[in-house]
Amino acid sequence: MATVRLLVGTRKGAFILTADGTRRQWRVDGPHFGGWEIYHVAGSPADPDRLYASQSSGWFGQQMQRSDDGGRSWQPVDNAFTFRAPAGTHLMYDGSAKDFEFTRVWHLSPTPADPDVVYAGTQDAALFRSSDGGHSWHELDALRRHASAAQWAPGAGGLCLHTLVQDPGQPGRLFAAISAAGAFRSDDGGASWEAVNRGLVSNFLPDPQAEIGHCVHSIAMHPARPQVLFMQKHWDVMRSDDGGGHWQEISGDLPSDFGFPIAVHAHEPDTVYVVPIKSDGEHYPPESCLRVYRSRSGGGHWEPLGRGLPQQDCYVNVLRNAFAVDSLEPCGVYFGTTGGQVYASADGGDSWMAAVRDLPPVLAVEAQVLP
Amino acid sequence: MIRVLVPGQLRALARVHGEMMLEVPPPVTLGAVLDAIERRYPMLCGAIRDRVSARRRPLLRLFADGQDLSFADADQRLPEAVCEGRAPLLVVGAIAGG
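Here the protein sequences line up with chains A and B, keeping their order. Okay, so the first sequence: first residue is 0 according to numbering that gives the first Met the number 0, each after it adds one. Okay, so the second sequence: first residue is 0 according to numbering that gives the first Met the number 0, each after it adds one.
No lab work stands behind these hints: they were computed from the structure. All C-beta atoms in this analysis are idealised placements derived from N, C-alpha and C, irrespective of residue type, glycine included. Hints may contain errors.
[Claimed, not checked] Over 10 Å on every C-beta distance to chain A, these chain B residues come out as not near it, computed from the model:
hint, residue
1, 7
2, 12
3, 30
4, 45
5, 50
6, 65
7, 76
[Unchecked claim] Covered by chain B, per the in silico footprint, the following chain A stretches (three or more residues, Cβ under 8 Å):
hint, region
8, 251-265
9, 295-303
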């Protein structure tokens, strides 16, 4: 029977959860790197035992860790994320200009075919790539040199590149999401970038339909239909059927279209998951009931999924990288909360159980299926 | 031998127990000791000093033999007690929440 492994990053360390294919009993291993913020742990699709972990601290800065044995042991690799000169400037909250400056790695995205090749999205927003398993990192600086970069401004979490989506059918096609700049597309492996934000509307901007300035929270793609993208924005759930060329709103009957993560079912490209949050100022679920919402029609109509989740007095949030699906049948769905719970569904979201309840606030969840 | 005590999270990262013991030829300056730490424990590069600016990370302080060396220049010589191994150089994390 297959094994499912969850890679969980929290505010105070990384945890690895494992279960057999029934996904009912979970073993919790950790904390790894106790006391450090683990923004993301990601496994290589080509070698699931090759893991990368972004380890950071306000005191001690950024570390990058690598495991070659599925997280049983780790070795620090290179942590030099040096922006190519000149650094350039971006806007701050008050409209003043500030030099781009590295703070941390938010997101790791190993490539499908080669475990040594991995992308890292950073704060301040930039994209780095390693082709030697993390032993050195090089900035793909065309993104930070985009004509709009001087107009990028941070969201509440900082000016960060928090999402990178690779098109598995078109090597070199990348989608990057930056808060609060928007979505960008490259068709040449990061050598050049185009802003792809047409159709997004953000009322906090002087021009709500501006090409730049949107606070994209997350982007998801089904690998079998890579031209279709789903986006959870600061407000609004959006969909593009042309690789980001145009976006249309699919919030439909959601109780709130504010939220952070978005994900697509492993086997049904039109089945999409979001976790509505009450508002940008109230980061907890509507009616204090924790519910994942699922659309089986690619958006528009959504059904609440709350069986097994707290349905009263719940005030947790689910952050953008803390939602994942596995590739088993039926599809497993997982998410972690700022209250330290990791919830698991072995039936596509119909019912949920807590895989673990009392971790530090969860920043990231990834799911792996091992033979 | 120069004794250095770093915070527990850096000891875990560097896989050292207790104090570091470092050979640092004279003159034993603050910069020379920090260089020696990073040579012996390369995973600590960037953890005490910023990789680009080489400035002390803002939430760390450096103390030795009752003196605050946090704002000392790299070529500042360390107190005799540290040079003679009677006292450690202390790398201390600020009490800043968390």
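Here is how each hint holds up against the structure:
| no. | hint | verdict |
| --- | --- | --- |
| 1 | 7 | 8 Å, violated |
| 2 | 12 | 7 Å, violated |
| 3 | 30 | 19 Å, holds |
| 4 | 45 | 5 Å, violated |
| 5 | 50 | 5 Å, violated |
| 6 | 65 | 23 Å, holds |
| 7 | 76 | 26 Å, holds |
| 8 | 251-265 | violated (count 0) |
| 9 | 295-303 | violated (count 0) |
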